[in-house]
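Peer 1: Each chain, written out:
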Amino acid sequence: MNRRQALSSLLKTGVVAAGAAGLGSAAGYFSARAVGGQTTSGLETGVRPIKIGFQVHRTGIGAPYGYWYERVANAAVNYINKTGGIAGRLIELIAEDDETSPAKGAQVVERLVLAHNVDFILGALFSDVVLASGPRAGELKRPYFAVSEGTHVPFGKLNRWCFQPGITDVPGQVTAVAKWIFENLGKRVAMIYPDYAFGHDHRDALTKAAERYGGRIIEKIPIPPGETSFTKYFTRIPRDIDVLYHVMVGDVLTFIRELGVYLGRERPELFGFIDSIEAVPLSSPGLEYLEGTYFWEGFPRYADGYDTLYSRFYREAVGVDENGADKSDPSRVSAFSHMFGVWETLFVIKEAVEQSGYSGQTQRDYEAFIKTLESMDWFNEGLWHPQGDKFFNGRLHQSFGHQFISVVRNGRLVVVHRTEIEDSLYEHPNDYTRQSLF
Amino acid sequence: MRVKISALAALVAPLALAAVYPLLPEYQRALMSRVLILSIYSYGYAVCFQMIGLMSLGHAALFASGMYGAGLYAFYVSPDPLAALLVGVAASTLLSILFGLVSTRVGGSYFMIGTLLASQALYLAALHFNEVTGGEQGLVLKKEATIVGALGPLLSELDARYFTSLAALTIVIVCVTILSHSRLGRLFHALRDDEGKLEALGYNTSALKLVAFTISGALSGASGALQALLYGYIGAGYAGILNSVEPVLWVLVGGPYIQVGPLLGCLAVNLLSDLARGLLRGHVLTVGAGLVAFAFATGRLRWAYRLLGVSRGRG
Chain A
92 MNRRQALSSL
102 LKTGVVAAGA
112 AGLGSAAGYF
122 SARAVGGQTT
132 SGLETGVRPI
142 KIGFQVHRTG
152 IGAPYGYWYE
162 RVANAAVNYI
172 NKTGGIAGRL
182 IELIAEDDET
192 SPAKGAQVVE
202 RLVLAHNVDF
212 ILGALFSDVV
222 LASGPRAGEL
232 KRPYFAVSEG
242 THVPFGKLNR
252 WCFQPGITDV
262 PGQVTAVAKW
272 IFENLGKRVA
282 MIYPDYAFGH
292 DHRDALTKAA
302 ERYGGRIIEK
312 IPIPPGETSF
322 TKYFTRIPRD
332 IDVLYHVMVG
342 DVLTFIRELG
352 VYLGRERPEL
362 FGFIDSIEAV
372 PLSSPGLEYL
382 EGTYFWEGFP
392 RYADGYDTLY
402 SRFYREAVGV
412 DENGADKSDP
422 SRVSAFSHMF
432 GVWETLFVIK
442 EAVEQSGYSG
452 QTQRDYEAFI
462 KTLESMDWFN
472 EGLWHPQGDK
482 FFNGRLHQSF
492 GHQFISVVRN
502 GRLVVVHRTE
512 IEDSLYEHPN
522 DYTRQSLF
Chain B
24 MRVKISALAA
34 LVAPLALAAV
44 YPLLPEYQRA
54 LMSRVLILSI
64 YSYGYAVCFQ
74 MIGLMSLGHA
84 ALFASGMYGA
94 GLYAFYVSPD
104 PLAALLVGVA
114 ASTLLSILFG
124 LVSTRVGGSY
134 FMIGTLLASQ
144 ALYLAALHFN
154 EVTGGEQGLV
164 LKKEATIVGA
174 LGPLLSELDA
184 RYFTSLAALT
194 IVIVCVTILS
204 HSRLGRLFHA
214 LRDDEGKLEA
224 LGYNTSALKL
234 VAFTISGALS
244 GASGALQALL
254 YGYIGAGYAG
264 ILNSVEPVLW
274 VLVGGPYIQV
284 GPLLGCLAVN
294 LLSDLARGLL
304 RGHVLTVGAG
314 LVAFAFATGR
324 LRWAYRLLGV
334 SRGRG
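From first to last, the protein sequence lines are chains A and B.
My numbering runs 91 ahead of the 1-based position in the first sequence.
My numbering runs 23 ahead of the 1-based position in the second sequence.
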């Protein structure tokens with residue numbers, strides 16, 4: 092049996108098992124709700140709750156994401172608490188605003204640990220905040236879970252206390268979609284990306300993937316941060332390319348409008364990362380030009396993109412409609428491709444606590460918790476992991492999962508391909524398990 | 024008499040900070056360590072703002088140059104915190120001479136605009152050379168490259184941060200107190216009160232301004248360098264405009280005595296904004312509201328200068 096077969100048979104059994112478990116707990120959830128939130132699922136009363144600190148971008152540049160991250164965190168905690176908590180203990184979520192600032196982020200970690208004495212920290216999205224916070228979490232000996240996509244965790248820039256199990260990272264995402272791009276859209280690619288770490292991760296990963304799949308990166312066009320007009324960079328787009336690959340480069344409405352004016356109808360295929368239009372309605376003026384272009388999605392915004400029992404349940408719990416917008420305000424589009432990471436991370440914490448027997452903040456318990464998490468290989472698809480199953484690399488502390496490729500058709504995103512987990516795997520020498528914990 | 028009281032206060036302050044430490048809960052210890060580092064920045068800012076009456080909007084660049092000087096040295100050259108600290112201070116001193124040569128030739132709002140533009144230039148440079156600086160995302164220093172790492176065998180992280188920043192702050196307070204009573208300090212005050220008269224007496228006021236600006240920049244840079252070496256993270260966020268505006272509020276709140284004012288103001292603003300975090304969304308709002316309240320309380324347009332006027336003659 093080769094690895095692919097091994098994976099798929101593992102997956103099948105896992106999915107079935109998780110599905111059965113999921114159905115059971117879903118039924119429990121709804122029946123618990125029906126009797127007014129009282130639960131009989133074995134919660135021990137009088138036991139200290141598990142405190143999870145939540146570093147959230149309530150203000151600052153990350154606020155549109157932060158709003159949704161917080162909403163998902165509350166929904167997940169609500170669900171977990173109604174269905175038995177973590178090892179029979181309730182979760183107490185303590186959210187603190189980090190102002191999307193690295194300085195404040197590190198301070199929030201201190202406050203969560205030293206003032207609130209949390210057991211675990213659910214971390215941030217923005218890389219600078221994660222990078223400034225991770226070392227403090229390691230020093231204070233509290234597991235820190237980033238939901239960021241950055242390479243800081245897998246590439247070993249942080250420490251053994253930092254994990255990213257709930258969301259895939261940029262190199263994983265790019266590696267997976269690059270295969271599809273080179274096979275389906277064409278081999279000759281030019282890329283436009285922001286000239287900072289996030290963009291460099293894209294550049295490096297796509298360059299590597301091009302070597303692997305026989306593509307060619309004809310031109311790399313970095314855009315300096317803070318740029319407000321892009322046309323002058325478009326002159327560098329070669330005429331003879333098949334695909335123009337673009338990632339978040341600034342104000343997306345301006346970018347797309349200027350791109351439309353410059354390229355017109357005779358354009359190469361466009362492939363973008365949803366990050367640039369995350370939480371932006373596709374009906375925004377100027378985005379008509381995106382019709383017929385492709386996007387990476389972490390988790391499809393429109394419900395029919397990945398319609399499973401679990402994804403429907405998750406959508407319902409978070410309060411998001413079929414079009415990926417707030418149920419009570421359809422103009423408020425969610426950060427659907429990222430925020431599921433918060434949901435899944437909370438369940439990873441639950442899994443690792445329950446399997447490791449973690450009970451309190453002792454060296455022994457944390458050691459057991461971290462080693463248990465590091466030894467996990469798979470997160471099966473289910474209510475706990477609605478985006479799909481994930482392979483977890485305990486040396487890198489990073490998850491690898493499925494990615495979605497969608498095309499904009501009639502002003503909505505339609506999924507055309509779901510990548511395999513194997514497509515996103517890459518090698519990296521980092522090994523956190525060799526670091527000492529205390 | 025007043026001189027003696029203010030000098031005494033300057034000596035008592037560090038002792039009080041050392042004495043209060045064992046009484047503080049853990050989180051407040053960590054918070055205070057951060058505030059003490061910022062207080063050094065506050066003193067640096069006061070040397071320019073309060074002593075010679077020049078309001079700069081570019082000190083974040085001077086703070087950041089110290090941070091980058093120290094951090095990049097520790098990251099790329101050698102994990103030696105002491106050498107890195109010196110490199111950081113040297114970098115900020117050089118940069119403030121450069122900034123000062125240009126901006127101290129003009130006064131008032133031109134000075135503000137000049138320093139603001141210069142600091143934005145540095146901020147954008149930090150972003151532009153992100154392959155080296157880490158840009159917005161920043162860089163994490165190895166533990167052995169930080170002061171906390173070097174003191175690791177002796178002190179816990181919490182203690183190391185608090186007492187290192189307190190020691191540095193004490194040196195700064197003593198230096199600023201001596202400066203304010205020295206001949207040079209009196210010249211600075213004279214410059215603030217009446218530049219024309221001083222010029223008529225034959226003093227080179229541009230050179231005086233440059234000296235004050237450089238001292239101010241070196242202290243701000245020292246604060247940035249300590250920030251980098253105590254917390255092990257450097258990033259372009261510290262070079263942003265907000266970091267230039269905050270010390271204005273600290274110094275204003277701190278009141279007229281330069282020996283203790285910058286410390287008191289920095290403590291008051293930061294501790295209050297930490298307390299108010301549950302009430303107000305984001306401390307940016309707290310800082311803004313504080314500045315606006317001050318502007319109203321002390322008379323709309325000349326608010327800053329009025330408060331400075333209070334300090335006249337009280338060196």
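Some clues are possibly wrong.
[To be verified] Here chain B is said to cover these stretches of chain A; the calculated rule only asks that three of the stretch's residues, wherever they fall, bring their Cβ under 8 Å from a Cβ of chain B:
| # | segment |
| --- | --- |
| 1 | 195-202 |
| 2 | 372-386 |
[Unchecked claim] Each computed BS3-like pair below joins lysine-lysine, with the alpha-carbon atoms no more than 27 Å apart:
| # | chain 1 | residue 1 | chain 2 | residue 2 |
| --- | --- | --- | --- | --- |
| 3 | B | LYS165 | A | LYS248 |
| 4 | A | LYS248 | A | LYS278 |
| 5 | A | LYS323 | A | LYS278 |
| 6 | B | LYS27 | A | LYS232 |
| 7 | B | LYS220 | A | LYS232 |
| 8 | A | LYS299 | A | LYS278 |
| 9 | A | LYS248 | A | LYS462 |
| 10 | A | LYS142 | A | LYS278 |
| 11 | A | LYS323 | A | LYS270 |
| 12 | A | LYS441 | A | LYS232 |
| 13 | A | LYS462 | B | LYS220 |
| 14 | A | LYS232 | A | LYS270 |
| 15 | A | LYS441 | A | LYS462 |
| 16 | A | LYS248 | B | LYS220 |
| 17 | A | LYS462 | A | LYS142 |
| 18 | A | LYS299 | A | LYS248 |
| 19 | A | LYS462 | B | LYS27 |
| 20 | A | LYS441 | A | LYS248 |
[What the hints assert, rightly or not] Chain A regions said to be covered by chain B (calculated; three or more residues, Cβ under 8 Å):
| # | segment |
| --- | --- |
| 21 | 286-294 |
| 22 | 409-422 |
| 23 | 474-480 |
Read the hints as simulated data drawn from the structure, not as lab findings.
Idealized CB from N, CA, C, for every residue including glycine.
Peer 1: Confirm or reject the coverage of the segment 286-294 of chain A by chain B under the rule of 3 or more residues with a beta carbon closer than 8 Å to the chain's beta carbons.
Peer 2: It holds: at least three residues are needed, and the segment 286-294 of chain A offers 5 whose Cβ sits within less than 8 Å of chain B.
Peer 1: Given the hinted pair LYS441/A and LYS462/A, is their alpha-carbon gap at most 27 Å?
Peer 2: 15 Å, holds
Peer 1: With a Cβ-Cβ cutoff of 8 Å, does the segment 372-386 of chain A contain at least three residues near chain B?
Peer 2: violated (count 0)
Peer 1: Hey, LYS441/A versus LYS232/A, does the alpha-carbon distance stay inside 27 Å?
Peer 2: 18 Å, holds
Peer 1: Need the status of pair LYS462/A, LYS142/A: alpha-carbon distance at most 27 Å?
Peer 2: Given that 27 Å is the threshold and the Cα spacing comes to 20 Å, the pair holds.
Peer 1: Do at least three Cβ atoms from the segment 474-480 of chain A come closer than 8 Å to Cβ atoms of chain B?
Peer 2: Violated, because only 0 residues of the segment 474-480 of chain A bring their Cβ atoms closer than 8 Å to Cβ atoms of chain B.
Peer 1: For a C-alpha distance cap of 27 Å, please report whether LYS323/A and LYS278/A respect it.
Peer 2: 25 Å, holds
Peer 1: Count the residues of the segment 409-422 of chain A whose Cβ falls closer than 8 Å to any Cβ of chain B, and tell me whether that reaches three.
Peer 2: Coverage by chain B is violated here, the residue count being 0 at a Cβ distance below 8 Å.
Peer 1: Do the alpha carbons of LYS462/A and LYS27/B lie within 27 Å of each other, as the hint requires?
Peer 2: 61 Å, violated
Peer 1: Decide if the proposed pair is consistent with the structure: LYS323/A and LYS270/A, CA atoms, cutoff 27 Å inclusive.
Peer 2: Not OK: LYS323/A and LYS270/A at ~30 Å, beyond 27 Å, violated.
Peer 1: Verify the proposed pairing of LYS220/B with LYS232/A, using a straight-line Cα cut of 27 Å.
Peer 2: It is violated: about 61 Å lies between the C-alpha atoms, which goes past 27 Å.
Peer 1: Would you mind confirming whether the straight-line C-alpha gap from LYS232/A to LYS270/A stays at or under 27 Å?
Peer 2: 39 Å, violated
Going down the numbered hints, you'll see the structure goes against 2, 4, 6, 7, 10, 11, 13, 14, 16, 19, 22 and 23, while the others check out.
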